[in-house]
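Participant: The chain contents come next:
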Amino acid sequence: MIEIKNLTKIFTVAKQKITALDDVSLTVKKGEIFGIIGLSGAGKSTLIRCINMLEKPTAGSIMVDGREITTFKKHELRAARQKIGMIFQHFNLLSSRTVFGNVMFPLEIAKVPHRKAVKRTLELLELVGLTEKAEAYPSQLSGGQKQRVGIARALANNPKLLLSDEATSALDPQTTRSILKLLRDINSKFNLTILLITHDMNVIKEVCDRVAVIDNSRIVEVGDVLNVFAAPGSPVARSFVETVIGKELPTELLQGSGTGDGQTEAVLVRVAFIGASAGEPVISSMIRKYDIAANILYGNIDRIKDIPFGNLTLELSGPSRVLQDAMDYLRSRGLEIEVLNNV
Amino acid sequence: MFDAWLVERLLLATWETVYMVVLSTVFSYLLGLPLGVILVVTSPGHIMENKPINRVLGWIINAVRSIPFIIFLILIIPITRLLVGTYIGTVASIVPLTLAAIPFVARLVETSLKEIEWGLIEAALSMGAGTWSIITKVMLPEAKPSLILGVAITAISLVGYSAMAGIVGGGGLGTLAYYYGYQRYDNSIMWPTVIVLIILVQGVQMLGDNLAQRINKKRG
Ligand SMILES: Nc1ncnc2c1ncn2[C@@H]1O[C@H](COP(=O)(O)OP(=O)(O)OP(=O)(O)O)[C@@H](O)[C@H]1O
Ligand SMILES: [Mg+2]
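Chains A and B, in that order, are what the protein sequence lines are. The letter at position 20 of the first sequence is residue 19 when you use numbering that gives the first Met the number 0, and the numbering goes up by one with no holes. The letter at position 135 of the second sequence is residue 134 when you use numbering that gives the first Met the number 0, and the numbering goes up by one with no holes.
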């Protein structure tokens, strides 16, 4: 759906060059919910705004639905934008129009005949559950309701792609969940590709199929959400994962553990389970099989898009040779193992 | 003090002033509104960024605005004559009043339109809206309350300017006050004139405030 190649964006402010995107390449598949996460200033908004050319790339190529969007002429770009919906952190609804008028706005722009536009607007209001609020003005709505209007508006012209720039960042956790659920619903209902950016790993966890981590204007990691949660490959990704599953251990624990007396050794490991293996008694069979001691220091289980995802921090102690075998055994059973210290 | 003659003169002059102010307000918006819009959309980073146009327009507007009205009035007598055949009287006054108000209106409109949150324009752009749609469906409707207050300010200023025009034979309350009040030093007409002016200005302001408030209230 989207194919970004070597995208670079440099802002020039008062003769100073700011590189917001540095040689970014990324592919978003049709029908998936793709998340981009990064810290403030990493370049997320710039990236998503390049995709509908609200920001003009300095270099690189962006293919949307098989067409190079960066070289479009004005009228081509306008037509293309009608098929790319966008929702915003601060909703950006017109205060001069009612909910109904706001949703009908993109249809007016697309010159849809009035009767048809009215019908479509009613349909959209129904979809987002705001039929009762049709005559209300945006200022009379809650944040969640405003974002629903934003979503209805973005979907008006049956886009193939929806861009979301921190659409839930101004909402409370519960409202965030309901908006994310709505996004997931429309994703499966219309096979709509969604590209969303966020700085909240919970959002990634709740709705995304795949995720890219952007840091300092560069993509540092791309992968299935589950894999990134199980084995984050970069320090930024790891710290994001930790915000959700709280793997941070007290440093005393990391230092105090590992009392080697020559023959036996202790290691601190982090074990991640995905899917079915989260339900299997892998740990207990390892203990039996290798005759080592395992001390559970921390554990939790969560769901990522309905797939169980478990996370354990263990202190394993036993003869060093056996410990290696035991860990290999866990790996062979499909678990992600990470050694936190090894004294 | 309020004899029939005075009342009649006062009514006529008031009518002339209202006539001048209303027409010159309308005419000045006919040109000032588009100019204000152009000032905004051609400004850096806006939807039709164009440095030369923006600069030149800004410069002309500032130049006209820096001429005191009383001088401007005399300066454009040839234009007034060309347009209405004479430079004396109520109709003729509308020309300098309008021309002087245009740059003023353009700046007022510019200020109103610049208050609009950029996010709204960006949202419209993201939907594929063109320049015309953005101006007519986003910028002007969003700025409506503020634009209405601008109209009130313009009309009030024009009440003042029209009095000045009255001194050089423009008619209306200005001529009345000048002719009887200043040249003949007849105070009996000065005070009623001032009172009518105060009522006019207050009325226009109240009307503007009311309209703007009504819209804001509806929008919540
Ligand atoms: N219009 C602009 N002009 C100049 N610099 C800009 C502009 N937009 C963004 N930048 C700069 O580009 C960098 C990336 O900004 P961007 O808005 O993409 O970050 P972000 O990841 O969306 O951050 P946040 O989470 O705070 O929204 C920042 O250093 C920012 O200052
Ligand atoms: Mg941003």
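Quick caveat, the hints were computed from the structure, so don't treat them as lab data. Among the clues, some could well be false.
Unchecked claim - No farther apart than 25 Å at their CA atoms in a straight line, the calculated lysine-lysine pairs in the BS3-like style are these: (1) A:Lys29 with A:Lys14; (2) A:Lys16 with B:Lys216; (3) B:Lys216 with A:Lys14; (4) B:Lys136 with B:Lys216; (5) A:Lys14 with A:Lys28; (6) B:Lys50 with B:Lys113; (7) A:Lys118 with A:Lys55; (8) B:Lys50 with A:Lys110; (9) B:Lys50 with A:Lys132; (10) B:Lys136 with A:Lys72; (11) B:Lys143 with B:Lys217; (12) B:Lys113 with A:Lys132; (13) A:Lys73 with A:Lys159; (14) B:Lys136 with A:Lys132; (15) A:Lys55 with B:Lys113; (16) B:Lys216 with A:Lys118; (17) B:Lys143 with A:Lys132; (18) A:Lys4 with A:Lys110; (19) A:Lys55 with A:Lys180; (20) A:Lys304 with A:Lys28; (21) A:Lys55 with A:Lys82; (22) B:Lys216 with A:Lys115; (23) A:Lys55 with B:Lys217; (24) A:Lys73 with B:Lys50; (25) A:Lys82 with B:Lys50; (26) B:Lys217 with A:Lys73; (27) A:Lys180 with A:Lys28; (28) A:Lys72 with A:Lys110; (29) A:Lys72 with A:Lys14; (30) A:Lys55 with A:Lys4; (31) A:Lys288 with A:Lys304; (32) A:Lys180 with A:Lys29; (33) B:Lys143 with B:Lys216; (34) A:Lys72 with B:Lys143; (35) A:Lys55 with A:Lys28; (36) A:Lys55 with A:Lys16; (37) A:Lys188 with A:Lys29; (38) A:Lys118 with A:Lys82; (39) A:Lys110 with B:Lys216; (40) A:Lys55 with A:Lys132.
Participant: All hints are to be evaluated individually against the structure, with a verdict given for each.
Facilitator: Going down the list of hints, with the structure as the test:
1. A:Lys29 with A:Lys14: violated, 40 Å
2. A:Lys16 with B:Lys216: violated, 45 Å
3. B:Lys216 with A:Lys14: The given pair, whose Cα atoms are some 45 Å apart, is violated under the 25 Å limit.
4. B:Lys136 with B:Lys216: Judged against 25 Å, a Cα distance of about 20 Å means the pair holds.
5. A:Lys14 with A:Lys28: The hint is violated at about 38 Å.
6. B:Lys50 with B:Lys113: Between lysine 50 (chain B) and lysine 113 (chain B) the Cα gap is close to 17 Å, so the pair holds against 25 Å.
7. A:Lys118 with A:Lys55: Measuring from Cα to Cα gives roughly 35 Å; hence the hint is violated.
8. B:Lys50 with A:Lys110: violated, 31 Å
9. B:Lys50 with A:Lys132: violated, 43 Å
10. B:Lys136 with A:Lys72: holds, 23 Å
11. B:Lys143 with B:Lys217: holds, 12 Å
12. B:Lys113 with A:Lys132: Not OK: lysine 113 (chain B) and lysine 132 (chain A) at ~30 Å, beyond 25 Å, violated.
13. A:Lys73 with A:Lys159: Given pair lysine 73 (chain A), lysine 159 (chain A) holds - Cα atoms ~20 Å apart, limit 25 Å.
14. B:Lys136 with A:Lys132: holds, 21 Å
15. A:Lys55 with B:Lys113: holds, 23 Å
16. B:Lys216 with A:Lys118: violated, 29 Å
17. B:Lys143 with A:Lys132: holds, 23 Å
18. A:Lys4 with A:Lys110: violated, 34 Å
19. A:Lys55 with A:Lys180: Measuring from Cα to Cα gives roughly 32 Å; hence the hint is violated.
20. A:Lys304 with A:Lys28: Judged against 25 Å, a Cα distance of about 18 Å means the pair holds.
21. A:Lys55 with A:Lys82: holds, 18 Å
22. B:Lys216 with A:Lys115: Cα-Cα ~31 Å, so violated.
23. A:Lys55 with B:Lys217: Outside the cut-off at roughly 38 Å; violated.
24. A:Lys73 with B:Lys50: Distance ~20 Å between lysine 73 (chain A) and lysine 50 (chain B) Cα, so the pair holds.
25. A:Lys82 with B:Lys50: violated, 32 Å
26. B:Lys217 with A:Lys73: violated, 36 Å
27. A:Lys180 with A:Lys28: Roughly 20 Å between the alpha carbons, so the hint for lysine 180 (chain A) and lysine 28 (chain A) holds.
28. A:Lys72 with A:Lys110: holds, 20 Å
29. A:Lys72 with A:Lys14: violated, 28 Å
30. A:Lys55 with A:Lys4: holds, 14 Å
31. A:Lys288 with A:Lys304: violated, 33 Å
32. A:Lys180 with A:Lys29: holds, 19 Å
33. B:Lys143 with B:Lys216: Holds. Lysine 143 (chain B) to lysine 216 (chain B) sits at ~13 Å (cutoff 25 Å).
34. A:Lys72 with B:Lys143: Violated, at about 32 Å.
35. A:Lys55 with A:Lys28: Holds: lysine 55 (chain A) and lysine 28 (chain A) sit about 23 Å apart, inside 25 Å.
36. A:Lys55 with A:Lys16: holds, 15 Å
37. A:Lys188 with A:Lys29: holds, 14 Å
38. A:Lys118 with A:Lys82: holds, 19 Å
39. A:Lys110 with B:Lys216: violated, 30 Å
40. A:Lys55 with A:Lys132: Judged against 25 Å, a Cα distance of about 37 Å means the pair is violated.
Violated hints, listed in ascending order, are 1, 2, 3, 5, 7, 8, 9, 12, 16, 18, 19, 22, 23, 25, 26, 29, 31, 34, 39, 40; each of the other numbered hints is respected by the structure.
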